[in-house]
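Please work from the sequences and hints to get the whole structure.
Listed below, chain by chain, are the residues.
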Amino acid sequence: MTDPQITLYRLQACPFCERVVRTLNRFGLEYESRYVEPMHSERNVVKRVSGARSVPAIVDRETGVTMSESANIVEYLEGTYGDAATDGGRAADDAATDGGRAADEGGA
Amino acid sequence: MPDFDVVSLPETDHVAEGDAAPDFTRPLVNEEYWEDTALDDAVDGPTLLLFHPMDGAFQATYLYNTIDDHGWADDLDVLGLSISSPYAHKRLLAERGEGVRIFSDPGAGVIEEYGVAHDIDGMTGITESRPAVFLLDGDRTVEYAWVASEHPEFPDAEEIGDAIGRLVD
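Residue numbers (this note's numbering), protein chains in the order written: chain A, 1 to 108; chain B, 1001 to 1169.
Rather than coming from a laboratory, the hints here were simulated on the basis of the structure.
Ideal Cβ positions, reconstructed from N, Cα and C, are used throughout, including at glycine.
Don't take each hint at face value.
[Said to hold, decoys possible] Residues from chain A that keep clear of chain B, each with C-beta distances beyond 10 angstroms, as calculated:
(1) R22
(2) F27
(3) S33
(4) R34
(5) G51
(6) R61
(7) E62
(8) G79
(9) T80
(10) G82
[As the list claims (entries may be wrong)] Beta-carbon label-pair distances, calculated as ranges:
(11) T80/A - P1152/B: 49 to 57 angstroms
(12) T2/A - T1012/B: 34 to 42 angstroms
(13) P4/A - D1019/B: 38 to 46 angstroms
[Said to hold, decoys possible] Partner residues aside, some chain A positions facing chain B, computed with beta carbon under 10 angstroms:
(14) Q5
(15) Y9
(16) Q12
(17) E42
(18) N44
(19) R48
Quick look at the structure:
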């Protein structure tokens, strides 16, 4: 079995993570889920990979991109794999309207 | 041996030496995260696959103490499996089982498939695993198998060590 191109670090029942999952599914992107613990102190692997302990975080081996924050991730996915990649960026602009409110994604 | 009452478990048609260990996919937990993993992807050379009662039962605690005492995880890949949740596995691995990864099989589907289920008295609705040991080569062929036939019964560490010694130089 070949590894999917995207690894998603996620927390069970984290709405920001589900938002990224919806976007991945919308574009039919293959991904593998790595679940971590609610406690930030238990998330060293995410810190090592992305530089921060927040989830969601993705690693896209296809593009070499590692990224945190769901708004950023959704924008990145739409810009790279969505209509935005061909429509001059409108979709990505739409998706970014709520960017930045997710200061404490992943909670706990 | 301590003097306690043991219960004989019914005969079971379990995975045995010479069989190919059935492949399955379950969340595999390490010290940092868990991820759906196929046994076939996890087996990359000699592998000790250990089925055990749920995390917290003293049989599980003893098993991980035994793994650590013998340093088996230094010699080959060691994979546990129980019905406990990934969260419970993580707590277990924070204290014991250095280098071990543990599959989570709450529905006991893998446990049933391997023929090592145990309907434990007084815990209605829970299908437990018997203690069971499967030593696999890199092709998932079972080189050594042991399944508890009594309750409680513990795997023989010396026997497992000898079997590992035969498989790993």
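Each hint, compared with the structure:
no., hint, result
1, R22, "19 angstroms, holds"
2, F27, "20 angstroms, holds"
3, S33, "7 angstroms, violated"
4, R34, "4 angstroms, violated"
5, G51, "16 angstroms, holds"
6, R61, "15 angstroms, holds"
7, E62, "19 angstroms, holds"
8, G79, "27 angstroms, holds"
9, T80, "23 angstroms, holds"
10, G82, "26 angstroms, holds"
11, T80/A - P1152/B: 49 to 57 angstroms, "55 angstroms, holds"
12, T2/A - T1012/B: 34 to 42 angstroms, "36 angstroms, holds"
13, P4/A - D1019/B: 38 to 46 angstroms, "30 angstroms, violated"
14, Q5, "15 angstroms, violated"
15, Y9, "7 angstroms, holds"
16, Q12, "9 angstroms, holds"
17, E42, "8 angstroms, holds"
18, N44, "6 angstroms, holds"
19, R48, "9 angstroms, holds"
Hints 3, 4, 13, 14, counting from the list given before, are not met by this structure.
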